[in-house]
Structure formats: C-alpha cells, structure tokens
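> Sequence:
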Amino acid sequence: MLKQQTKVNTFRQSRLALAGLLSLLLGSGIAGCAATAPAPAGVLVEQPLTPEPMEVPYRTEIAIARLNEILQSAELTEPQRARLHYDRGVMYDSVGLAALARFDFMRALRLKPDMADAYNFIGIHHTLNGDYDSAYEAFDSALELEPDYQYVYLNRAIALQYDDKLELALRDFKQFQSIQPEDPYRALWLYLAQVEQSEPTAQAELRAQFVKLDKKQWASQIAAFYLGDISEQQLLNIASSNALEPKQLAEQLCEVYFYLAKWHALQKNPTQAIEYYKKTLATNVYEFVEHRYARLEMARLRQQVVAEGAAVEDEEHVH
Numbered sequence: 000m001l002k003q004q005t006k007v008n009t010f011r012q013s014r015l016a017l018a019g020l021l022s023l024l025l026g027s028g029i030a031g032c033a034a035t036a037p038a039p040a041g042v043l044v045e046q047p048l049t050p051e052p053m054e055v056p057y058r059t060e061i062a063i064a065r066l067n068e069i070l071q072s073a074e075l076t077e078p079q080r081a082r083l084h085y086d087r088g089v090m091y092d093s094v095g096l097a098a099l100a101r102f103d104f105m106r107a108l109r110l111k112p113d114m115a116d117a118y119n120f121i122g123i124h125h126t127l128n129g130d131y132d133s134a135y136e137a138f139d140s141a142l143e144l145e146p147d148y149q150y151v152y153l154n155r156a157i158a159l160q161y162d163d164k165l166e167l168a169l170r171d172f173k174q175f176q177s178i179q180p181e182d183p184y185r186a187l188w189l190y191l192a193q194v195e196q197s198e199p200t201a202q203a204e205l206r207a208q209f210v211k212l213d214k215k216q217w218a219s220q221i222a223a224f225y226l227g228d229i230s231e232q233q234l235l236n237i238a239s240s241n242a243l244e245p246k247q248l249a250e251q252l253c254e255v256y257f258y259l260a261k262w263h264a265l266q267k268n269p270t271q272a273i274e275y276y277k278k279t280l281a282t283n284v285y286e287f288v289e290h291r292y293a294r295l296e297m298a299r300l301r302q303q304v305v306a307e308g309a310a311v312e313d314e315e316h317v318h
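The sequence shown maps to residues 0 to 318 in numbering that gives the first Met the number 0.
Because the hints were derived from the structure by calculation, they are not lab data. Honestly, I wouldn't trust all of these hints.
Computed list of lysine-lysine pairs in PhoX-like fashion (alpha-carbon distance at most 20 Å, straight line) [to be verified]:
id : residue 1 : residue 2
1  : Lys246    : Lys211
2  : Lys211    : Lys173
3  : Lys246    : Lys278
Label-pair restraints from in silico Cβ distances [stated by the list, open to error]:
id : residue 1 : residue 2 : range
4  : Glu77     : Ile229    : 51 to 59 Å
5  : Ser177    : Ala64     : 27 to 35 Å
6  : Lys277    : Ser72     : 25 to 33 Å
7  : Gln266    : Val210    : 41 to 49 Å
8  : Leu167    : Glu307    : 42 to 50 Å
9  : Gln232    : Leu165    : 27 to 35 Å
10 : Gln232    : Asp139    : 30 to 38 Å
11 : Gln71     : Asp147    : 32 to 40 Å
12 : Ile229    : Asp139    : 24 to 32 Å
13 : Ala309    : Arg58     : 19 to 27 Å
14 : Ser133    : Gly95     : 16 to 24 Å
15 : Lys215    : Gln174    : 41 to 49 Å
16 : Glu60     : Pro180    : 32 to 40 Å
17 : Ile229    : Val305    : 18 to 26 Å
The beta-carbon is built from N, C-alpha and C at its ideal position, and this holds for glycine as well.
Throw the hints in and build the complete structure from the sequences for me.
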C-alpha cells in the first residue's frame, strides 16, 4: 500500500461471511461460471474481482472547499499560505486532479522554497510527463533539504528506470529497500528493476528477501506469486477474499492488478497486461503508486509492442 506521497502513511461480520463464500466459489471454479453465464432474472451476482471505483471522500471535498475559502479571504503569512497551498495540492492529487495539484505545489514552492514534500510531488508529476531532467532536479532538491526522506529514493528510482538509467535506478531501489527490508512493496519494486538485467539474479534476490518480509502484509503474497509459490488464481483469490470493507478491497485490487500487469508484460503477454492496467485505473485509488504509474506503464507497453512489430516487419522485408 504505497501511497504517494506524504510521510504519514454489523459490515465487518457480513464481509467476513462474504469473503468465505467468495473464496469457496473461486476455489471451486463456480465464480468462473458466473462470469460467463447470465444471472437469473431478479438475482444479483457481483463479481469480486471487478473493481468498484472508489468515491471521492466527502471529507476531502469539504476540506478543499474550506481551504479555498481560507486562501481567498484570510490574512496569512507567506509560510502559512505555502503550507495551505501544499495541503490543498495533496488533496487535489488524492482525487486525481493532477493539474490543480501541480499548480498548488508550484505556488507553495514559490512562497516557501524549502518544502521537501512539494519537491517530491513535483518530481513525480515531471516523471509522469516524461520530463526526467526536471524530475531529477526536483528529487535532488528534496534530498538536499531532507536527506532521510526515503520515498524520494523510490520516486527517483522509478524515474531513472523509465529513463533507461537502470544502474542508477537500482542504486536508489536498493537504498529504499534497505531502510525497511520487511516491507514487501520495496522488495517488489527492487525485483521489477533487477529482472530487467537478469531474471535468475532477480529471482534469487527476491527469494533471499522473502524470508525477511512481514507475512502479515498481504502483499507478501504478490512476492510469493513472483517466486512461483502460488498461482495467479490463488493470488487473485487472496486479494478479493481477505478484505473486510470496500475501501480495502479496492486498494488490494489496485495493487494486485498492477503487479499482475507487470508480470504479464514480462511474460510477453501484452493483451493481458493492458487489461490488468485498465482494472488498476478503474479502482480510482489515486493515492497509490500503483495507480499513479499504471497509465504510463500502459502507454510504454503499447509503444514497445508497436516498436517490436515494426522491427519484425523490417526484418521480413530484408529477407
């Protein structure tokens, strides 16, 4: 559950009962039948693996409105105004309003140029826009202000990986992972970078890290899948059956679909990968790094498929 990117990272019983039923259905293959056969008239059959988009929290809407009012009417010092612009930017970002968020982060930095948090967000937005030099500048500024700001290492590593600077990316991924080696998400991101160099090496490293992972975190099961210890269907069953409320289910589906998409892309299954990226985006869990980069991953995969197809055509013409 890697959120981007602040530094604080009667229903329950019915959900538990439903989770048990869904697990049984999925395990026995009945759920697969329900996916293809229409439900009888008057009967509601919901598919547990179809994400229900998360709504914008009412509290967030009210908070944004309140911040708008304060910024327009209150007498504020520049540091106070900078903090409020940053806070509103975080809220905009959490509901997918990227342009408004970026405007507020830039305004915050103009008023208070020593906000590491704002530089981190700006770096993320530059990465998503493919402006890697500006992203590096923003991330470096954040680390100059706060050398221990660990999530900057993750975000800079992702930018470096997209920019085909894999050795530098691996250095940052390893730094990020070493800070909290029991975190399965950190192990996953390191693996996804290492596998670009050598799958056997990446597998061996993930196997060594797996024993250190916090097995209470559900994402350790994603690592188990990458290692071949469980099947794709088993992983999906776990993601859909152990959530106790809708928000948790949406978050876990966001994560599992993203990491399955990455895996299918590595297996040269672009059609399935694209489907999983679309499902990731359908959850509307904007705060998660998985949702944030799903659209970019999808665009890069499409470009890769087109480029590989063109290369094959050129080779056929030569022969």
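> Each hint needs a verdict: does it hold in this structure or not?
The hints, checked one at a time:
1. Between Lys246 and Lys211, the direct Cα distance comes to roughly 28 Å. Violation of the 20 Å bound is thereby established for this hinted pair.
2. As the CA atoms of Lys211 and Lys173 are separated by approximately 15 Å, the hinted pair is consistent with the 20 Å bound.
3. Pair hint Lys246 plus Lys278 holds up; C-alpha atoms about 15 Å apart against a cutoff of 20 Å.
4. Here the CB-CB span from Glu77 to Ile229 is close to 54 Å, well matched to the stated 51 to 59 Å.
5. The hint said 27 to 35 Å for the Cβ distance between Ser177 and Ala64, and at roughly 42 Å that hint is violated.
6. Taken as a hint, the range 25 to 33 Å is violated for the pair Lys277 and Ser72, whose Cβ atoms sit roughly 42 Å apart.
7. Checked against the hint of 41 to 49 Å, the pair Gln266 and Val210 fails, with Cβ atoms roughly 25 Å apart.
8. Look at Leu167 against Glu307: about 26 Å separates their beta carbons, and that is not inside 42 to 50 Å.
9. For the pair Gln232 and Leu165, the beta carbons lie near 32 Å from each other, so the given range of 27 to 35 Å is met.
10. At roughly 43 Å, the beta carbons of Gln232 and Asp139 sit outside the given window of 30 to 38 Å.
11. The beta-carbon spacing between Gln71 and Asp147, approximately 36 Å, falls within the hinted interval of 32 to 40 Å.
12. Taken as a hint, the range 24 to 32 Å is violated for the pair Ile229 and Asp139, whose Cβ atoms sit roughly 40 Å apart.
13. Ala309 and Arg58 have their C-beta atoms about 49 Å apart, which leaves the hinted 19 to 27 Å range violated.
14. Between Ser133 and Gly95, the C-beta spacing of about 22 Å keeps the proposed range 16 to 24 Å intact.
15. In this structure the hint that Lys215 and Gln174 lie 41 to 49 Å apart at CB is violated, the actual value being about 25 Å.
16. One distance hint, 32 to 40 Å for the beta-carbon pair Glu60 and Pro180, holds here, with the actual separation near 39 Å.
17. For the pair Ile229 and Val305, the supplied restraint of 18 to 26 Å is violated, since their beta-carbon distance comes to about 33 Å.
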